[in-house]
Every structure is written in C-alpha cells, then in structure tokens.
Amino acid sequence: MGKSFLLLWLEAPLQSWGHDSKFGRRDTLDFPTKSGVLGLLCSARGAGGPEREWLAQWSAFDMRVLAFRPEKQARLPLLRDFHMVGSGYDLDDLWQNLLIPKTSEGKRAVGGGSKLTYRYYIQDMAFAVIFEANSDPVNDAVTALRNPHWDLFLGRKTCVPTELIFRGVFDSFDECERSALNLAQEKNRKLEFSVVEGVNEGEVVTLNDVPVQFGVDKKYRDRRVTVKRHIFE
Amino acid sequence: MNAKEKLPIIEYHILQSFPVTCLNRDDVGAPKTAIIGGYTRARVSSQCWKRSVRLALRNSGARMGIRTKKVETLFHDECIKLGASEEQAKRCSELMAKELVDDTLLFISSSEATRFAEFAKEKLFDAKQLEGKEIIKVGKKAVAPAIDALDIALFGRMVAKAADMNVEAAASFSHAISTHKISNDIDFFTALDDLQEEPGSAHMGSLEFNSATYYRYVSLDLEQLKDTLGKEGLKEAVRQFSEALFIAIPQARQTTQSGASPWEYANVTVRKGQRLQVPFETAVKRGEGGYLAASIAALKDYLTKKKKLCGSLYGELACFEWGEDENYSIDKLISEVQESLGLS
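Which chain is which? The protein sequence lines are G and Z, in order. For the first sequence, the numbering used here begins at 7 and goes up steadily by one. For the second sequence, the numbering used here begins at 22 and goes up steadily by one.
Think of the hints as simulated: they come from the structure by calculation, not from any bench. Backbone N, C-alpha and C define an ideal beta-carbon position, used for all residues, glycine too. Just to be clear, a hint being listed does not mean it is correct.
Calculated pairs, SDA-like style, for lysine to any residue (alpha carbon to alpha carbon, straight line, at most 25 angstroms) [to be verified]: (1) G:193 x G:81; (2) G:121 x Z:54; (3) G:193 x Z:328; (4) G:163 x G:122; (5) G:193 x Z:325; (6) G:196 x Z:327; (7) Z:119 x G:122; (8) Z:158 x G:53; (9) G:196 x Z:331; (10) G:78 x G:196; (11) G:193 x Z:149; (12) G:121 x Z:272; (13) Z:71 x G:225; (14) Z:71 x G:32; (15) G:225 x G:203; (16) G:193 x Z:324; (17) G:163 x Z:56; (18) G:121 x Z:76; (19) G:108 x Z:187; (20) Z:329 x Z:341; (21) G:163 x Z:248; (22) G:78 x Z:304; (23) Z:149 x Z:98; (24) G:28 x Z:46; (25) Z:321 x Z:272; (26) Z:247 x G:155; (27) Z:321 x Z:276; (28) G:121 x Z:177.
Covered stretches of chain Z (chain G as the covering partner; in silico rule of three or more C-beta atoms under 8 angstroms from a C-beta of chain G) [unchecked claim]: (29) 194–206; (30) 293–299.
So here's chain Z without its partners, still in its complex pose (with noise of 0.2 angstroms):
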C-alpha cells in the first residue's frame, strides 16, 4: 500500500439539460425530487443512470460477465472444450458449481469459466480429486484476469458463498440532481372513442414530469479498476466507460417524451485524494442562458474556488473541459485523459 503509487481517480462533473420528461419514477409514477438548499430538486437516482450505462456498454461492443445460476452449463460447456468426456464434464461442473453457488446468481466472466474447466482437468477429470477448499482458491486467483468482464469490474460483484470472488466497485454515482429549484408539472390529457356515440372524452388522465439541468458526478477508481481488471486492460475500459456515461440515457417514458439531450458540459478532472462532488446548495437563478448557462459558470467558480481551497490535498494532475469549444470532440477528450494517465 505505498500511497505514492497509487492510481489517481478520474472525476466526472457533467451538467445535462433535459425538456419535458420524466426520466426517473417514483412509485407513483411522479419524477424523482430531494431538497437541497431548501429547495425541491428533480433527481435521477444513482441506481437509474447506472442501469442506462451498464446497458449502453454492453451496446458498444464491452465484453460483459453474466449473471446466472446456471455456472454448471458454462463449467460443462469449457470442460467438453478442454476434452473432457460428457460424463466427466457433468460431474465435474455439477461439484465446482455447488462449491459456488446455491441459491445465489453467479456473477463470472468466460476466462474465469475457463480457468475452472482448466483446474478439473489438471484433475483428469476427476471429480472426486476436486477439493472444495481448492476449488474457491481457484476462484480467488481467477478473479484477477477478468479482463473479459468490464461491468464486474465497473460495479462490482458480491459472491456470498466465495467472498474471496467479491469485487469492489471502481465506478461510483452519485444522484443526478437539478442545479435549481423545480416544482413537477402536470400533463392532463384525454383520450377519445373512435367508435363514440356520445359527444365527450372516454378516458382522462394526467401524467407529471420535469423540465431540468442536471448535475451528474461519477467518479472512477483507477487503483481499484487495476486491481480487477489489471494494467493492461485499464486504457481501454476508460474509453469505454467514458463514451457509455456519455451515450447512456436513463428510459423512463421515452416513448412518449423522448428525452435524448446529450452532454453541455463537462469537466473531467484526473487527481489524487479525496473524491468531491458539487453540492449546488445554493439553486441557480436562470439568466440569459436558462439554466444552463448559469449552471456552467456555477459549476467552474466552485471548482475553482473548491480546488484553492483544498490547497495539496486536491491533488489534481489533469484538468479537461469539454462542451465549450466546438472542435474538441468526445473523442479528443477521452483520448487526452487516457494520455494524461500515461496508460499504454
């Protein structure tokens, strides 16, 4: 544990504008709020936009663990590849899956699969050579190349029979939050009959939803990303990661309000110590701008101020913003990050 060693984290500041929707529901179909400041505020709560990114990583190509109960059949599926006979597969995979799991989802990538057929065979295949204590050995050393795995390592696993498989979260959410104070409006809407005899709506009803600037801080642990994932898989899991927060878009009601507002601002920031997120206490005031303009210069004056505040313990090693100059892409930002990491 040499403090000076450590990975630094990459902190994500981003302000999102979004017209008429209601991209988080209660359990009364209303839009999400909290108050902050003294003011409600709409909020999209961490586990919602975390969703929307594990889906959109999966969409861009990521390669994913699976969930399941049924690691027998990937067991049995690699234990056939590596030669195993269709009894001593059966009987292999059936022992080193009870040894995992009973009622649980597994959480496991194909190279940790692989690594478990590969541990029956230096067995020969047989399943009474399989020793339960050896075989969760397996799965703590198997848990280092899960390089084929990305969301594990992103948003970690919990293996309650095998703790030594648990990961530790890298990424972490927080709740998107208005940067000013909102009230949820009210959409009345009536349907008619098409085969009506009477003159008069058949049905009515009222729909609420939210216009809002959000405020999204996502932080990504390097130190802990490499632990899982290792060092050679880290350049490209921040490409990959960046451009799905980027992409991903919570899907309550987007059939009828369609709420596809990209990104306007970013500070990606790269820094050693204690993770900050902005705590917009006071609500902005719309201006020229809207809210989004006097979001941004909210934004970058408490960053600023935040950053002298905290003298050395701020630790910053690169500064990005994105959103300003319209010949700085998503691509050129992402790529100056991953060079400012010094990752090859």
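The following block holds chain G by itself, in its conformation from the complex (with noise of 0.2 angstroms):
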C-alpha cells in the first residue's frame, strides 16, 4: 500500500478551532487541531459515532499545517465575540422563560441568570492541511470530501468555508506542498508559519488533540507539534 498526501485547504473570514474550552469561554488555537481536521473528515463521511478503528489509523498519519495570511497585512488578534446566553426574554411569557438559563435547582439565578459567554475566532487566515496517509483511506476521504454527508465547517457550524476544502492528493510531499503554495500565491497569500509534529527547531507545544474516540465520550492523547515562524516582522 502506497504513501499519498492529501492535501486540505481550509479558508473563511472567521475560523475556530478549540481546544482547551472551559464553560463559557470558547477558545480558539492559532491553527485547525488535528481532531478538528480529522472531525471534519468523519462529518464528510457522515460518522457520528465513536470510530476508534478509524481515528487509531488516522491519528497515526502525519499531518502538517501550513498557515497564510493576506500578503498585504499584519497577521490579526483573535476575534473575541461576546454573546449572552437567554438575555432579553419575556419573564411572563411560558416559552421565552424557558429558554432563560435557571440554578441547579430551577430556580431563577441571582441578577437575572443571562450566561456570558465568549466566544473567539482566527480572522482572515487561510491554511493547507497535508496528511502523509494510506492510500487507501485517502481515497475514500476523497470520496466523501466530494460529496459530505454532513456540513463541513471550519471549527464550529459557523464558519462555512469559502473555498472547497479538497485540494488533490499527490505522490510526494514536495509537490503537495508546492501546489499548496502555488495556490496560496494565486491568492495573494503569504506564509506565516507552519505546524510540524515532532519536536524540531522552533517552538514546540504540546496538544491535547489526538482523538482516540469520537462520539458522545470523546477520549484524546497529547502529541507535541513544532511551530515555526517564516515571516520576521
């Protein structure tokens, strides 16, 4: 069975991609997450459940994000969107109550019970996902990518693509990653930095955003990626 690299391209105004959220702050990391690209894939494929024969082989491939900003401007802050949950709803009326978030006990919460949350966003970034995968299971990937059996979106349900996201699958690295620039360029679009796993030279973090197990009791293990700059400003 032959190596194939498949090659994702994941652009929209606004993008999110969680990975360490608590309650009602919603974050965002700089770069798509490897359980966000590989959830992608299974909303493609229309798998909802646990999938652990799948992830355990998916989560083994290699995947490498390169990420591109406008060539023209700075790279941007996160967008922080505030929102609160149940505000401004009709105390009298019996169905607006109920969308109104209560105590443990059903009861009304102190000052009102509206939920702040907020919410954050990468702006205007672009970013190539290359997976080094079977090839058989890239082409059924392709498969689905062509014709999702749920919606794609970049992180959260809001964040509709504006480009489609399969991008081909080439027979080495280098001409995967050489169209994802050619493509970058098209768009006027310039390397920022890019994601490798392992450790290497640059800055290395450690995720926890391989998933070992989808579905209602979503289960991961830490990998350790290496970000490194390629535009000094």
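Build the complex from these two chains, which are given one at a time in their own frames, with help from the hints.
What follows is the structure, encoded as structure tokens:
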C-alpha cells in the first residue's frame, strides 16, 4: 500500500479551532487541531460514532499545517465575540421563560440568569493541511469530501468555508506543498508559519488534540508539535 | 448512506441594508465588528440572527419544542390524558423524568411527551415495570416523529443524559458581515432636566452605531432535516424557515434606532456538494447605487465565477434570484424552491 499526500485548504473569514475550552470561554488555537481536521473528515463521511478504528488509523498519519495570511496585512489578533445566553426574554411568556438559564434547582439565578460567553475566532487566515497517509483511506476521504454527508465547517458550525476544501492527492510531499504554495500565491497570501509534528527547531507545543474516540465520550491523547515562523517583522 | 439519493442543501445568500443601527452589541455596547480582507466590517453574530429567527418562527405559528426541566409535569399530564390515576401518573412521570434529566433542560416536543406516556401505559402505569434502558430506547424512537418541534430540527438539541435523543441542527448561519469597510460612528446626546434651575444639560452620553449593507449566508441541510422530521414535514418546514429568515431582524436598540429594513436581494441555490459562502474579501466600494448596487453586482459576479470554477463539484440543481423583479414575491420564491425539491 503506497503513501499518498492529501491536500486540504481551509479558508473562511472566521475559523475557530477549540482545544482547551472551559465553560463560557470558547477558545481557539492559532491553527487547525488534529481532532478538528479529523472531525471534519468524519463529518464528510457521515460518521458520528466513536470511530475508534478509523481514528487509530488516521491519528497515526503525519499532519502538517501551513498557515497563510493576506499579503498586504499583518497577522490579525483573535476576534473575541461576546454573547449573552438567555437575555432579554419575556419572563411572563412560558416558552420564552424556558429559554433563560436557571440554577440547578430550577430557580431564577441571582441577578437575572443571562450567561455571558466569549467565543474566539481566527480572522482572515487560510490553512493548507497536508496528510501523509496510505492510499486506501485517502481515497475514501476524497470520495466523502467531494460529496459530504454532513455540513463541513471550520471548527464551529458558523464558520462556513469560502473555498472547496479538497485540493488533490499527490505522490510526494514536495509536490503537495508546492501545490499549496501556488494556491496561496494565486490568492495573494504569504506563509506566516507552519506546524510540523514532533520536536524540531522552533517553538515546541504540547497539545491534547489527538482523538482516540469521538461520539459522546470523546477521548484524546497528547502530541508535541513544532511551530516554525516564516515571517519575521 | 447512498450519496446519490441524498437530499440537496438550500443556500441563502442575502443582502440587506440598514441605516443607523446597532443590531448586535458587544460587551461595551458598541456594534460588533470583524476584520476581513484588511478592513473593519460591521458584524452581526450568527447566534444573534438565529435567535430572531427562532422567535419569528414561533410568532408565525410554527409548532415549537419546549425547553424545560419540568419534563415531569409534561409526562404527568400526558399520562393522565391516557387514563392513569393521579398516583400512577405521579410515580411514572417522576421515574421517567429522572432517567432523562437531572440538572439540565430537556428540549422536547409534545408528540415525544405523548410517546413516553404511551410507553407507561403499555406497562399498565406500573412504575416498577419501567426500566431505565427501555425508557432511553423510547427516547431514541420518539425523536423521529418530532414533527411538531420545527425549532429542534432546525437548531439542534443536546441531551447530555440520553445522547440518543441528540438532534443535529439542520440549519447553519454564518456571521452576517458588511460587504464594505465601516468605522463605527458616535451619536453624542444630551438630556435636559425638566425642573432645571441652571442653564446647560443635565446628562451627556454617547452611543455607537453604524450603517451597513450586510451579506448573510444561511444553509439548510435537507437530508439532516429529513432525518429528524421525516419526509412529510419537509415542504412546510422549508416555507416556515424561509419566511422566518425573511421577517426576522435582530432586536438590539430597536426602540431608539428602529432598523426595520427587509431583504434587498437574495440568491437562493439548491445544490449538492460542499457548501460555500461568499467571502467578500475585497471590500465593495460605493458607486451610483450606494453600497447596495455594488454589493449585488459583486455577489452575482462571484457566484457565477465560483460555479464555473467548481464545475461538477458545485452540483447546482436550481437557482432563484429575488429582489430585482417586482412581480416576483417572496411567496413565489418559496413555492418555486419547494417545487424544485419535488416535495409533495
């Protein structure tokens, strides 16, 4: 079984790749997580269960990310979206009243009960994701990406892609990377940084984003990645 | 999972212009923004417009689910209707409710509640015979005929304790963004004291606002909707959802700034394949017809080009344009979309 290199292109005004969120603060990493990208493939396949075997296979494949920002602008800070859950509803309307969060005893919370949440988004970036994988699973992924079973989105459901995600299968990494760089050039985008798996020269980060099991009881394990900066300003 | 038989998606690309407004506020009361293609844009978050659509759906008479912790009461009333005694209804509903929720809200439709009561009846309203796993199974089966809870089908539901009752949302909203660059403006105001003794204002303040032509992208996954509602409910669901999209407007600062602007232009496409929104990465420049005419032209050009570039992957089945022909009403648009889907 030969090796193939699968190229995905993730582009949208807003993206959000959560990896460490707690409660009302929904964060995002600067780049797509492995669990996020594999989740996207599962969405395309229409696979909503634990997917243990499929994940065992795909988690072992090497994933590389190239991050591109618009040529003419510096990288933007994360967008913080402020949102209140359950505010402004009519207490006297039975149905509306039910949309207001309550305490665990079902009573009104002190001070009203609106819940404040902060949702973070990456603005104006495009990512090329390269998977070094075996041919058979790649072929299955390609079929699914061409006619996805469920909606494809970039981290959060509201982040709708502005480009087709599937961008080809290549025989070598160099060829695949060249294709990504060409695409970036056509779109007037510059390589800002890249993320490779393992410990290399650059900033090493430990992420808990390798999915072992999806579905209701999600399980993850750690991996170390190296972030290499390509633009110094 | 036969790819060929999968129902298509409906994509709504909507342009809507608002004068002085602050449709969606951040934590300091200023209109929300984002930076796209190098320029600051006005933004209305997806959650915000979705909430308005949810409220509009209810006001237009669509039957909705109830999000409640008081499932017990619902079950209780249904059991009584089916002939249980007060004592039986109390014990059965208590037990079934305990199996489904503890501290969380359950989003449930009335037909589902009936189904649970019927299950209790099958067991002769004997609480001892109601077994945990079986109750969850009932929940799993009862999801499919949730025809009387359009909002559950459209916006999804999560039941932490009984994951089988989870419903994936069929509708998806992008954040609405202005097609052009904006900078928030400041409205300085003063208030006078009616019992004034000295000259001058008694209070000064400022409000931030902007005016923008928004691009809204909304998609509806009909296959997902069918999984939840069943095929019979689809045609009516498409009408109710489209109408709510047309009517709903975010509520922030409506009493002082009253932004009641309807759709100006819409491209509604029925297609297969991966959904795609328009980035409006190049900010539209104002021309003869303000930002609107330029935005319509930019949207049309972009979609035409994208369709060609994507070739067979675009999978277009039907496409409708609303807003330029005055004889083409929203009702007509909706009925033509329904017709193109072949739903009876």
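| task | Return the numbers of the hints above that this structure violates; sort them in rising order. | result | 7, 11, 13, 25, 27
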